[in-house]
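Chains as they are written, first to last, in the working numbering: chain A, 5 to 128; chain B, 21 to 330.
Possibly wrong hints are sitting among the right ones.
To give an idea of the chain B side of the interface with chain A (calculated C-beta under 8 Å), a few residues [as the list claims (entries may be wrong)]:
| hint | residue |
| --- | --- |
| 1 | L91 |
| 2 | L95 |
| 3 | L97 |
| 4 | P217 |
| 5 | A253 |
| 6 | A254 |
| 7 | D301 |
| 8 | R320 |
Covered stretches of chain B, as calculated for chain A (at least 3 residues, CB under 8 Å) [said to hold, decoys possible]:
| hint | region |
| --- | --- |
| 9 | 192-200 |
| 10 | 274-288 |
Computed far set for chain B versus chain A, every beta-carbon distance over 12 Å [stated by the list, open to error]:
| hint | residue |
| --- | --- |
| 11 | G45 |
| 12 | Y49 |
| 13 | S236 |
| 14 | L302 |
| 15 | S312 |
| 16 | E318 |
| 17 | A324 |
| 18 | G327 |
| 19 | E330 |
Everything labelled a hint here was simulated from the structure, so no lab data went into it. Yeah, the Cβ is synthetic: ideal placement off N, Cα and C, and Gly gets one too.
In case you want the letters, here they are:
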Amino acid sequence: MTPICAAGLPCLLAAGIILGACARSDRNGPIVAGGDAGRGRAALISLECGACHRIPGIPGARGTVGPPLEGFRERVYIAGRNPNVPDRLVAWIRDAPSLDPGTAMPDLDVSESEARDIAAYLYR
Amino acid sequence: MNGARVQSTLDPAPGSAAWPIDELGLILYAGAAVILAVVCILAITGVVAGPRRVDARRWLLVGGLILPAVLLVALFLYAVGIGNALIAHESPGALRIHVTGKQWWWEVRYEDSEDTGVLLANELHIPLGRPVEILLASSDVIHSFWVPALAGKVDMIPGRTTRLVIQSDRVGTWRGQCAEYCGAQHALMAFHVVAEPAADFEAWLARQARDAPPPSDPRLQLGHDLFFDAGCAACHAIRGTAAVGRLGPDLTHVGSRNSLAAGTLGNHVGTMAGWIAGTQDLKPGSLMPTTSSLTGPELRALAAWLGSLE
Chain A
5 MTPICAAGLP CLLAAGIILG ACARSDRNGP IVAGGDAGRG RAALISLECG ACHRIPGIPG
65 ARGTVGPPLE GFRERVYIAG RNPNVPDRLV AWIRDAPSLD PGTAMPDLDV SESEARDIAA
125 YLYR
Chain B
21 MNGARVQSTL DPAPGSAAWP IDELGLILYA GAAVILAVVC ILAITGVVAG PRRVDARRWL
81 LVGGLILPAV LLVALFLYAV GIGNALIAHE SPGALRIHVT GKQWWWEVRY EDSEDTGVLL
141 ANELHIPLGR PVEILLASSD VIHSFWVPAL AGKVDMIPGR TTRLVIQSDR VGTWRGQCAE
201 YCGAQHALMA FHVVAEPAAD FEAWLARQAR DAPPPSDPRL QLGHDLFFDA GCAACHAIRG
261 TAAVGRLGPD LTHVGSRNSL AAGTLGNHVG TMAGWIAGTQ DLKPGSLMPT TSSLTGPELR
321 ALAAWLGSLE
């Protein structure tokens, strides 16, 4: 093994780890403080959000009343008006009409922690 | 609500007809298992012990004739006894509920209070520990009324009235399901039976007999007005208002029910809005058309008003 190779291998490995880490953080959406995607999935099912939305991973969620929620972390705006950042999304899930009086989505009486869990699932 | 327990013949309510049915089932399973085990042991013994002379006549007589005859006669008598106990006997003075199967929902009418007009859909409440007579009819095709945890299934046949007596000695909410294929949305034709103490039941019945209250704020008033503007009153009745349509379910107390659209969805302002605006998407072929003429705030107001009708 030549000295160059000996030096190059750890470098390559390091580069691979760094690139891998970048790719991984890219795959993850924004972090929602206190949000748990597993609980969020359960909340999406029990609240029956699928009556209006198509949501990947939620059984029977094929609604066409509201927008489909797949790839939500790549969406730039929430419902076309509000920047898609965690706190806005949590507020939207809790009480959509307060952020956009023209929306068809009702205030669903969702708790703060439940909204955080749902946001975590949508960003997963 | 635990899905596995609210609709299971294996978890019958105490005091219900499903209880002896479950018992009969258990005896049949256990008996069949014992017979299977004996036959297997005999077969294995036959192979392991090798060829030998047996008294074929005696084996045929005992194993093939006497044993099955004794077992089947005993089982027959036991099953006849259970069947006799399950027959819906006339019980004068019993609470009577008329349930009519429709594609794809259930119309429920309490006979005791016909004058006060208790008419609802997809939900029955029964008082605890009291037999309740259900009179079953159909207004279109054959349906079948089945609450697995409370009773066996009984068909609803157009032009005929069939009877069923249900009872529960335990407080609870059970799910029933149409058990006779009745068209595209047969699977989305469910209902709930709520067994509650007599006082709670009487209070519920009294509430159901009341007219809908007038809208209490401008937003609910908007929802009320939209109900008529959007044409909902052509098919739905809401007692206390001008809505007297009879094609669809009576909505006087729709906000109090366990489900929307015969078990299609739970019941809150979100599912109400989703059902109104996504009807044909959620339950294709239903007689109710999708309402797509409302703005977002209008849809929310209509859903909020209907939800307030408890």
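Results of checking the hints against the structure:
1. L91: It is violated, given that the least Cβ distance between L91 (chain B) and chain A is near 45 Å, above 8 Å.
2. L95: 42 Å, violated
3. L97: Violated, about 46 Å.
4. P217: 27 Å, violated
5. A253: Constraint on A253 (chain B) not satisfied, violated at 22 Å.
6. A254: 22 Å, violated
7. D301: At about 5 Å, which falls below the 8 Å cut-off, the nearest Cβ of chain A leaves the hint on D301 (chain B) intact, so it holds.
8. R320: 5 Å, holds
9. 192-200: With 0 residues close enough to chain A, the hint is violated.
10. 274-288: holds (count 3)
11. G45: Since the minimum Cβ distance to chain A is about 30 Å, G45 (chain B) lies beyond 12 Å and the statement holds.
12. Y49: At roughly 31 Å from the nearest Cβ of chain A, Y49 (chain B) sits farther out than 12 Å, so the non-interface label holds.
13. S236: 17 Å, holds
14. L302: Its Cβ does come within 12 Å of chain A, the nearest being 7 Å, so this is violated.
15. S312: 9 Å, violated
16. E318: Given that some Cβ of chain A is not farther than 12 Å from that of E318 (chain B), nearest at about 9 Å, it is violated.
17. A324: 7 Å, violated
18. G327: 9 Å, violated
19. E330: Non-interface label on E330 (chain B) holds, nearest chain A Cβ at 15 Å vs cutoff 12 Å.
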